[in-house]
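> Top line first, the protein sequences correspond to chains A and B. Take 1 as the starting number for the first sequence in our numbering and just add one per residue. Take 1001 as the starting number for the second sequence in our numbering and just add one per residue.
If you are wondering where the hints come from, they were derived from the structure by calculation, not from laboratory data. Do not take every clue at face value.
[Unchecked claim] Within a straight-line C-alpha distance of at most 30 Å, the following computed DSS-like cross-link-like pairs (lysine-lysine) qualify:
no.	chain 1	residue 1	chain 2	residue 2
1	B	1020	A	113
2	B	1052	A	184
3	A	220	A	184
4	A	145	B	1020
5	A	289	B	1253
6	B	1253	A	282
7	B	1113	A	184
8	A	70	A	113
9	A	279	B	1247
10	A	228	B	1245
11	A	145	A	220
12	A	279	B	1095
13	B	1247	A	289
14	B	1056	B	1067
15	A	184	B	1173
16	A	204	B	1245
17	A	61	A	72
18	A	228	A	143
19	B	1173	A	88
20	B	1158	A	70
21	B	1016	A	279
22	B	1016	A	282
23	B	1253	B	1091
24	A	204	B	1247
25	A	143	B	1020
26	A	184	B	1107
27	B	1023	A	143
28	A	143	B	1091
29	B	1253	A	228
30	A	289	B	1245
31	A	282	B	1245
32	B	1107	B	1020
33	B	1023	B	1113
34	A	113	B	1206
35	B	1253	A	304
36	B	1253	A	220
37	A	48	A	145
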Amino acid sequence: MIIYGRFASSLVLAEHGDGKLNMVTLNAVTAASKLGDVSVLVTGADMKSIAQQLTKVEHVKRVIMAEDEKLKVQLPELVTNVVLASQKRFGFSSIIAGSSTFGRGIIPRVAAKLDVSPISDITFIHSENTFSRPIYAGSAICKVKSLASVKLITVRGTAFSPANIGGGSGAIEIAPSADLDFAKTEFLSQDVSNSGRPDLQTAKIVVSGGRGVGSSENFKLIYDLAHKLNGGVGASRAAVDAGYAPNDLQVGQTGKIVAPELYIAVGISGAIQHLAGMKDSKTIVAINKDPDAPIFQVADFGLKADLFQAIPELIKALE
Amino acid sequence: MRALVGVKRVIDYAVKIRVKPDKTGVIHENVQNSMNPFDEIALEEAVRLKEKNVIKDIVAVSLGPPKAQEILRTALAKGADRAIHVEVDDKIAEKIEPLNVAKVIAKIVQNEKIDVVFVGKQAIDDDSNQTAQILASLLDWPQALFASKVEPEGDTFKVTREIDGGHDTIRVKLPAVISTDLRLNEPRYATLPNIMKAKKKPLEKKTPSDYGVEIIPQTEILEVTDPPVRQAGVFVDDVQMLIAKLKEKGVLKQ
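Could you build the full structure based on these sequences and the hints that come with them?
Take a look at the structure:
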């Protein structure tokens, strides 16, 4: 492990939901460990068990815990104030979160208060101030040097291996008190689709359906194949727009970025915006009846076939 | 209610971009440009709220090179009442960061007594996804990000947001910043009569210094390169061959 600068220290914003640590936090810890001693901030209503878990994560030296009923839904406006209070006390050289809706909501908000330009969605760390990140839907990679006094960073989870749980020996500290009286935002409700499938962004295998699937009923084929492979389910924007699959399954520039061991694209043509979300997968399989579909240009294995024949056959063969 | 909509001129989403041989950026010459698709959605939402008499006045703002004027005219043709072009030269335009943009917009918000700001959730060129958040923070306003449904209720907006794993609903008290997701609406096309009318709508020209903002980038672009190219794959004849290949590669268990 390389640590840049003698007193470099980084703060990771831990993400959690349903009483469980979100795995992207572990990817962020790995990225943070390349930038200095790692502290993790965890905010919420009842955080003891997650904080305990975080103390055991490798690289983690300190777990800062902010518990308050008002932090229960982790409104970015409130979490920002906790991050700022922690920054004031500890003076981190970098503040890092996964580039999820949680991280994207908070990192730029904190950055503005510190008058620094944040760096979004980094995929590589060259040094304490030099990073790579994709631009133009992943059609180009930009290497940037940040001149900011504090580096405010979101990291692409799939680009960093997760830190191990175990082996760490962090100590829990109570977060410095922060203003939690921002009354201009009210959380009303949440509807998180519980598919029972492995999480799309951490699944080893992902099966995605596109417009070619034809209907939401037919999308069952995609679920069936994913089930057989114990994989996650994804969708192209076309499939989501057509109502075949819910929005949160969308893979691409404006949806989820995935990089599983195996990505199976079914009835997906392969627009730039979709490729942006999956082209770092280890092995890509494309099943499409159009031999000219651009998806075949990135596929390791292409099968030119009618998906309504090929998928049931594939499911059967995997029995 | 007065709305400000931030719009950015970007290389059209359908263009396959090319990296400059000297690795300083991507090729902008002779390439189709258009309004950032997320900003079109932001504008459309403001226009719809104007049609429902929720919003009275829509100011479209763009910080960018001389040609950014073109997309401001488009914004006017689609229903914005007036536009402010904060002009910078092409060289500086390439270095602008969301922090710079947000600082300029924050000043305009104060000057124009804006109640709600709509911006796209991200620009498809730099893919930063920061401007709304930074702006809300600078103004100490609430932020409603990745909106897929916006419902005005008195001096609040109820906003349904696209989040990982589903969606949530929050209520933000005005004044507020809202960033728009793809699913919010279907932007309209500008009709020819409206394009003609837009030519008569006011378009103010300003510079960052008019707002006391100096464009000082904090991020230096060292190099822009092509992403690694995937090795060409092969076509398989049938499902059996596909499974055999995947097993051979160790992706599927034997």
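> In ascending order, which of the hints set out earlier in this document are inconsistent with the structure?
Violated hints (numbers, rising): 1, 3, 11, 18, 23, 32, 33 and 37; every other hint is consistent with the structure.
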